[in-house]
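Protein chains in written order, with this note's numbering: chain A, 43 to 160; chain B, 69 to 174.
Watch out, some of these pointers could steer you wrong.
[What the hints assert, rightly or not] Facing chain A, a subset of chain B residues (Cβ under 10 Å, in silico):
1. Asp69
2. Tyr100
3. Asn102
4. Leu114
5. Thr124
6. Pro127
7. Ser131
8. Phe165
By construction, these hints were calculated from the structure, which means they are not laboratory data.
Note that beta-carbon positions come from the ideal geometry of N, C-alpha and C, so glycine has one too.
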Amino acid sequence: EVQLVETGGGLVQPGRSLKLSCVASGFTFSSYWMYWIRQAPGKGLEWVSSINTDGGSTYYPDSVKGRFTISRDNAENTVYLQMNSLRSEDTATYYCAKDGILTRFAYWGQGTLVTVSS
Amino acid sequence: DIQMTQSPSLLSASVGDRVTINCKASQNINKYLNWYQQKLGEAPKLLIYNTNNLQTGIPSRFSGSGSGTDYTLTISSLQPEDFGTYFCFQHNSWDTFGAGTKLELK
């Protein structure tokens, strides 16, 4: 069974940093791209970052480019999201996700809440 | 970027109703359209992938259709556990989600 467990969320002041982790199990982690997706309270979903299987290619939307960095450790079955220069608009639940055989975002973790506030 | 316009934003229905939710892309997305269900406090759950493929374990009352820019999710006979929020999602080019449809009990 695929399991994705996110940790690392919490309350952080604007301008500070936070690093999220997502530990994966139940599949061959090194064979799949991994993703972070966020959802502001009461709002819709926004793709935040993608990383390929060996970590050599990463992608971001303009809203986080230059501030967020996705990385992975295939030996530890873990994907990370380093978030710098945090803003109030980054307040959201952050989910990690993986593809299915034929499609994107087939499996999601339970999410971790990040609150950016002074 | 591809914009996804989802409608309606709020849908009131009764158990047993047939309901449809629509999603319109700002350009052709080549059937790379998924539908997700989200209940309060939970992660989204994949229902339909690539327009009309039912994810494993999802009841057959859920179905999807469409092509080009226009896509539809249909629930043939609404069950009590189907109430929640539904999102469409395109992964043809730079992944984007629709704004969501809240399905509530009439």
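Indices of hints not satisfied (ascending): Those not satisfied are hints 6, 7.
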